[in-house]
Amino acid sequence: MSSKLEQLQALLAPVVEALGYECWGLEFISQGRHSLLRVYIDRAEGILIEDCETVSRQVSGVLDVEDPISGEYTLEVSSPGMDRPLFTLEQFARYVGEQVKIRLRIPFERRRNFQGVLRGVEEQDVVVLVDDHEYLLPIDSIDKANIIPRFE
Numbered sequence: 001m002s003s004k005l006e007q008l009q010a011l012l013a014p015v016v017e018a019l020g021y022e023c024w025g026l027e028f029i030s031q032g033r034h035s036l037l038r039v040y041i042d043r044a045e046g047i048l049i050e051d052c053e054t055v056s057r058q059v060s061g062v063l064d065v066e067d068p069i070s071g072e073y074t075l076e077v078s079s080p081g082m083d084r085p086l087f088t089l090e091q092f093a094r095y096v097g098e099q100v101k102i103r104l105r106i107p108f109e110r111r112r113n114f115q116g117v118l119r120g121v122e123e124q125d126v127v128v129l130v131d132d133h134e135y136l137l138p139i140d141s142i143d144k145a146n147i148i149p150r151f152e
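Mapping to the numbering used here: the sequence shown position 112 is 112, numbers consecutive.
Hints listed in this document are in silico derivations from the structure and should not be mistaken for laboratory results.
Treat each hint with caution, since some may be false.
What the hints assert, rightly or not - Below, a list of computed lysine-lysine pairs in the DSSO-like style, where the Cα atoms sit at most 27 Å apart: (1) K4 x K101; (2) K4 x K144; (3) K101 x K144.
Let the sequences and hints guide you as you build the complete structure.
Here is the structure:
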């Protein structure tokens with residue numbers, strides 16, 4: 001996780017949690033002079049648009065005061081959705097047995113993209129079964145990971 005992302009997580013997670021939501025994760029995408037900050041929120045009852053609006057107002061106020069992002073940026077508050085992104089080892093552990101799609105920052109065994117069954121977590125690695133081969137992917141090298149929704 002980049003230091004900017006860690007700084008934003010430390011600043012915003014307590015705000016989200018004080019409102020009664022789980023701060024599922026953050027994405028910060030810097031695009032030249034304009035950036036995107038996406039805050040994912042969750043709770044057992046699910047997330048409604050009103051929940052996103054409430055969190056957006058609070059987070060926006062904190063960002064205005066603290067001013068951690070230089071330049072212009074867009075703030076989005078969203079539920080993780082059916083294809084929920086996974087950010088932490090704890091989140092990976094909660095979804096063992098699910099199909100996942102993982103993209104790495106740098107290639108591992110000459111590939112960056114993995115799609116298979118999430119088998120578990122071992123220390124700082126995520127275990128994924130792809131075509132009858134288990135891969136241990138270091139959490140620090142994962143750029144993006146999502147659950148693949150099942151429609152049954």
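Inset, instruction - List, from low to high, the hint numbers that the structure doesn't satisfy. - result: Of the numbered hints, all hold.
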